[in-house]
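S.K.: Protein chains in written order, with the numbering used here: chain A, 1 to 118; chain B, 1001 to 1111.
The hints are simulated quantities; they were obtained by calculation from the structure and are not laboratory data. Quick caveat: nothing in here was measured; it's all calculated off a predicted structure. Fair warning: there could be bad hints in the mix.
With beta-carbon atoms standing in for the labels, derived distance ranges [to be verified]: (1) B:Thr1108 to A:Thr5: 25 to 31 Å; (2) B:Val1044 to A:Ser84: 25 to 31 Å; (3) B:Lys1059 to A:Ser69: 37 to 43 Å; (4) B:Lys1051 to A:Thr86: 38 to 44 Å; (5) B:Val1055 to A:Gly16: 47 to 53 Å; (6) B:Thr1062 to A:Asn65: 41 to 47 Å; (7) A:Gly16 to B:Gln1014: 45 to 51 Å.
Partner residues aside, some chain B positions facing chain A, computed with beta carbon under 10 Å [stated by the list, open to error]: (8) Val1004; (9) Gly1041; (10) Gly1102.
In silico SDA-like pairs for lysine to any residue, Cα to Cα no more than 25 Å straight-line [claimed, not checked]: (11) B:Lys1098 to A:Thr86; (12) B:Lys1056 to A:Tyr95; (13) B:Lys1070 to B:Leu1046; (14) B:Lys1057 to B:Arg1106; (15) A:Lys14 to A:Pro61; (16) B:Lys1098 to A:Gln85; (17) B:Lys1098 to B:Met1005; (18) B:Lys1098 to A:Pro75; (19) B:Lys1056 to A:Gln96; (20) A:Lys9 to A:Asp38; (21) B:Lys1098 to A:Asp38; (22) B:Lys1036 to B:Glu1015; (23) B:Lys1098 to A:His29; (24) B:Lys1098 to A:Phe108.
Heads up, the beta-carbon is just placed ideally off N, CA and C, and yes, glycines get one too.
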Amino acid sequence: NAGVTQTPKFQVLKTGQSMTLQCAQDMNHEYMSWYRQDPGMGLRLIHYSVGAGITDQGEVPNGYNVSRSTTEDFPLRLLSAAPSQTSVYFCASSYQMPTRDTHGHEQFFGPGTRLTVL
Amino acid sequence: GQQVMQIPQYQHVQEGEDFTTYCNSSTTLSNIQWYKQRPGGHPVFLIQLVKSGEVKKQKRLTFQFGEAKKNSSLHITATQTTDVGTYFCAGRDFGNEKLTFGTGTRLTIIP
Chain A
1 NAGVTQTPKF QVLKTGQSMT LQCAQDMNHE YMSWYRQDPG MGLRLIHYSV GAGITDQGEV
61 PNGYNVSRST TEDFPLRLLS AAPSQTSVYF CASSYQMPTR DTHGHEQFFG PGTRLTVL
Chain B
1001 GQQVMQIPQY QHVQEGEDFT TYCNSSTTLS NIQWYKQRPG GHPVFLIQLV KSGEVKKQKR
1061 LTFQFGEAKK NSSLHITATQ TTDVGTYFCA GRDFGNEKLT FGTGTRLTII P
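Same shape as in the complex, but just chain A:
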């Protein structure tokens, strides 16, 4: 299994450009999520999905869109990039919601995408 894959690894955008960060998992996990990581602020949840066709907002959703048309893929779209979106983006998946108390709550993270917006 490849686990959770993310592309690209690095990206530089100009203010106002749009792009899509790709995330895919081959573990048949229902739950997928996107986080951004900024120095000194830990990981902040952007959007998440509990299954194909279902998405919801996290802590910092503004400026980002997501869709979940298949179980495997969960792309993150930046419609009009801003310098404040310069960050490292991580995609994660788990068999079920990471907040469940039973087995399957472990989140597997992708390698990340380092995004710079000029």
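Take the given structure of chain A and dock chain B to it, following the hints.
M.R.: For chain B alone, coordinates are given in the frame of chain A:
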């Protein structure tokens, strides 16, 4: 909203010394998870604690969940260079499905 703070933000220890990081929530947690992130890497799940006062061990790592379920700690005995990285806790409020990550503690080891 829920806030999860970790202290210290940074910790430098001599190899062989012990290390502890503390996680404090502004609200009572249903459960708490711990992750480790190596420099330049991605977070890797370590453990989940659910019960009040729960203590779990993984070799040299000891995880504890407070009696009031508002705090947690990770203790590493006799640190090794392989322990280098940032340790994050992540907690969930009761009635909230979202996981909130702490700010992390960055551990560096002096050989």
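S.K.: Would you mind confirming whether the straight-line C-alpha gap from B:Lys1070 to B:Leu1046 stays at or under 25 Å?
M.R.: holds (19 Å)
S.K.: Can the restraint linking B:Lys1036 and B:Glu1015 be considered satisfied, given a maximum Cα separation of 25 Å?
M.R.: The given pair, whose Cα atoms are some 18 Å apart, holds under the 25 Å limit.
S.K.: Please verify that hint: B:Gly1102, Cβ, nearest Cβ of chain A, below 10 Å or not.
M.R.: Since the shortest Cβ distance to chain A is 6 Å, the answer is holds.
S.K.: Measure nothing beyond the straight line between the CA atoms of A:Lys9 and A:Asp38; if it is 25 Å or shorter, mark the hint as holding.
M.R.: Holds, because 16 Å separates the two Cα atoms, which is no more than 25 Å.
S.K.: Does B:Gly1041 hold up as a contact with chain A if the rule is Cβ-Cβ below 10 Å?
M.R.: holds (8 Å)
S.K.: Between the alpha carbons of B:Lys1098 and A:Gln85, is the straight-line distance 25 Å or under?
M.R.: Status holds; Cα separation ~21 Å.
S.K.: Holds or violated: the 25 to 31 Å window for the beta-carbon distance between B:Thr1108 and A:Thr5?
M.R.: holds (30 Å)
S.K.: Verify the proposed pairing of B:Lys1098 with B:Met1005, using a straight-line Cα cut of 25 Å.
M.R.: holds (16 Å)
S.K.: Verify the proposed pairing of B:Lys1056 with A:Tyr95, using a straight-line Cα cut of 25 Å.
M.R.: Distance ~23 Å between B:Lys1056 and A:Tyr95 Cα, so the pair holds.
S.K.: Does the structure keep B:Lys1098 and A:Phe108 at a Cα separation of 25 Å or less?
M.R.: holds (16 Å)
S.K.: Do the Cβ positions of B:Val1044 and A:Ser84 conform to the proposed distance bound of 25 to 31 Å?
M.R.: Holds: the Cβ-Cβ distance is about 28 Å, inside 25 to 31 Å.
S.K.: Is it true that the CA of B:Lys1057 sits at most 25 Å from the CA of B:Arg1106?
M.R.: With Cα atoms ~21 Å apart, B:Lys1057 and B:Arg1106 stay inside 25 Å; holds.
The structure shown violates none of the earlier numbered hints.
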